[in-house]
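2 protein chains.
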Amino acid sequence: MPYPEEAEGFQIDSAETWTDFHKRHFKLKPFDDYDVDVKIIACGVCGSDVHTISGGWGAQHFPLAVGHEILGIAVRVGPKVTLIKEGQRVGVGAQSFSCGECKQCKNENETYCPVIMIDTYGSQWPEKYGGVVSQGGYSSHVRTNERWVFPIPEGLDTNLAAPMLCAGLTAYSPLVRNGAGPGKKVGIIGLGGIGHFGILFAKALGAEVWAISRSRAKEEDARKLGADGFIATDETDWEKAHTFSFDLIVNCANSSKGFDLAKYLSLMDVHAPFVSVGLPEEAGQEIKAQNLLANGVLIGASHLGSRREMLEMLQLAADKGIKSWVEEIQIGEEGLKEAVTRLKKNDIKYRFTLTGYDKVFGA
Amino acid sequence: MPYPEEAEGFQIDSAETWTDFHKRHFKLKPFDDYDVDVKIIACGVCGSDVHTISGGWGAQHFPLAVGHEILGIAVRVGPKVTLIKEGQRVGVGAQSFSCGECKQCKNENETYCPVIMIDTYGSQWPEKYGGVVSQGGYSSHVRTNERWVFPIPEGLDTNLAAPMLCAGLTAYSPLVRNGAGPGKKVGIIGLGGIGHFGILFAKALGAEVWAISRSRAKEEDARKLGADGFIATDETDWEKAHTFSFDLIVNCANSSKGFDLAKYLSLMDVHAPFVSVGLPEEAGQEIKAQNLLANGVLIGASHLGSRREMLEMLQLAADKGIKSWVEEIQIGEEGLKEAVTRLKKNDIKYRFTLTGYDKVFGA
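First to last, the sequence lines map onto chains A and B. Counting in full-length UniProt numbering, the first sequence tops out at residue 363, every number present. Counting in full-length UniProt numbering, the second sequence tops out at residue 363, every number present.
Source of the hints: derived by calculation from the structure; they are not laboratory data. Treat the hints with caution; some may be incorrect.
If several chains are the same, the list does not tell them apart, and a pair holds so long as it fits within one copy or across any two.
What the hints assert, rightly or not - In silico DSS-like pairs for lysine-lysine, Cα to Cα no more than 30 Å straight-line:
no., residue 1, residue 2
1, Lys103, Lys240
2, Lys345, Lys106
3, Lys288, Lys344
4, Lys106, Lys263
5, Lys257, Lys288
6, Lys288, Lys240
7, Lys263, Lys344
8, Lys288, Lys184
9, Lys288, Lys345
Keep in mind it's a predicted model, so treat the numbers as computed, not measured.
Sequences are here, hints too, so could you generate the full structure?
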């Protein structure tokens, strides 16, 4: 069946066949009074997509179309929708629903809602919402509650805006929640999709920004993105010149292999937060209170960001002309296989955006 | 030699003989223009003393007199001392020196000074300060830089004030640095020496206070101390009714055996800090960013507290009539053996204060 009953997209059937995309129709959730249908025109390829389809984060609801950095056009809005207008260019990120009623939801912490959390792909909707498993943006359409649909400001290029919907917000929220700005020394660990936004946004917010990477291979890129300084952790005593000096570090590393956490923590000023946004597949790291004592560092994690933060980030990007580093790739079996394979190897500077949706799904 | 060249105290010679105290004379550091000599009249027995002498925290400078919850009289003040007057009743806590010049020292974070940190016992002074190993309060006198000597307000009983110098401040600082006060729900894990001050001070600061303990054995005590609620972690689903509800938890547990960190973290409101002040001897705990993601909790640790916080805490205790729960014990070979042996077994509600110094060291 065609839209509006169904969408068409590229699904993976198992973690063992995580590069074999199959073009299929699948059911959308029942249309709700607060829903917005988005006809997709571009979608970023997020590290989460690869972790999910390749089994790194454990069992999933297959078959599954991933993708949660969605740009498109609002082609249908429910009768009670007030936040989005039909025809508007909009984005959808990694989360598509929360209860809207709890303390967290009312406190702009909807990405921490303990009541209900529906991811844009791979979450089963409760029966009262139709019971289907949500399917992501490697597809023709998504149907999303208006609170999770974001108008895209004019002046932001569609293909550059798409990766901001997850990677951009993931970097932006911990920066603004932890005071990144003038007079603050901010470190960004890991120069990948999220990390490159970390540098762009920390700089745009006025902070002194240091890129922290395993080697100097990406130093030139980091400086082009706006980094004021660069630390390579394969150099002896790399941490020594920077102990007690960072006001905030956002850890965007996608792997914890060989990660000497104690050295990173030694970089922090007293009680300064060390916030992780990457979700490595490896085992965790041991911490003892003793390791946190020298500077009273706070170790935390951050999950996406609020609607307000999303809108502010997009506006900041538009106002300051912030340019994501994007390689476009044609959506389809081949393009997707290439994108996820290369992303798995970190062979991308620094984000793929899937384009050419009209060629595959019609105009 | 007698004071003022030397002090007399009870020393331990090795971790293997950690309950055998030997009364001896030992050299004091050379008297400095900013030093204050304190004739000791009481001293609390801190968990740190036991960890140190019994080898739980690794190698130490033996022979060693421990004790860092010191109350006494300032019997001599250096010519440049301005903070303390001769004859004043004063306290000395767990730290006795920091550089005084660095960013941390100038920012009321002297207990995080990265330049020099001299503990009240067991630290070797640099050669320019005489090179001796500092000896603690199980002795007749201590010689301490004035910045680490604290006037005791009238109205605070000596024996009840002594344990505040380390245990009290250790509980107080993370409370005030993390906003404990009216409208905040604060948890105190571990009802021992530090934890009982956690309840007393959190209550005095106006917070809603919950004691969190392994069983209900100490519930009555906790409520007498001022706890509004009590959670026993040996009960099934103990965490369920409290998820996402705590604004701050101060973890005063002295052991991490059987400690299911993930459940404790689930108690925290979004981005609320979980601050450890106990320093268990066991191995650390594994954390993954994934475990911190549901609520974006911040895990930290805290080390003592600033001079200002010490003075505020003592004044608060005097103003509000806060009473430490203290069992007095006569200083001497026997009393010390009993104190450290019982403390090792947590057989004390909730602090020993050593008294009767005049009987042992003269009036």
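Do the hints match the structure? See the list:
1. Lys103 with Lys240: between (43 Å within a copy, 17 Å between copies)
2. Lys345 with Lys106: Intra 40 Å, inter 47 Å, cutoff 30 Å: neither.
3. Lys288 with Lys344: between (32 Å within a copy, 21 Å between copies)
4. Lys106 with Lys263: For Lys106 and Lys263, only the inter-copy Cα distance (24 Å) is at most 30 Å; the intra-copy one is 38 Å.
5. Lys257 with Lys288: both (19 Å within a copy, 13 Å between copies)
6. Lys288 with Lys240: both (21 Å within a copy, 26 Å between copies)
7. Lys263 with Lys344: within (27 Å within a copy, 33 Å between copies)
8. Lys288 with Lys184: both (28 Å within a copy, 27 Å between copies)
9. Lys288 with Lys345: Only across copies: Lys288 and Lys345 sit 22 Å apart there, 33 Å inside one copy, limit 30 Å.
Taken one by one, the earlier hints fail for this structure only at number 2.
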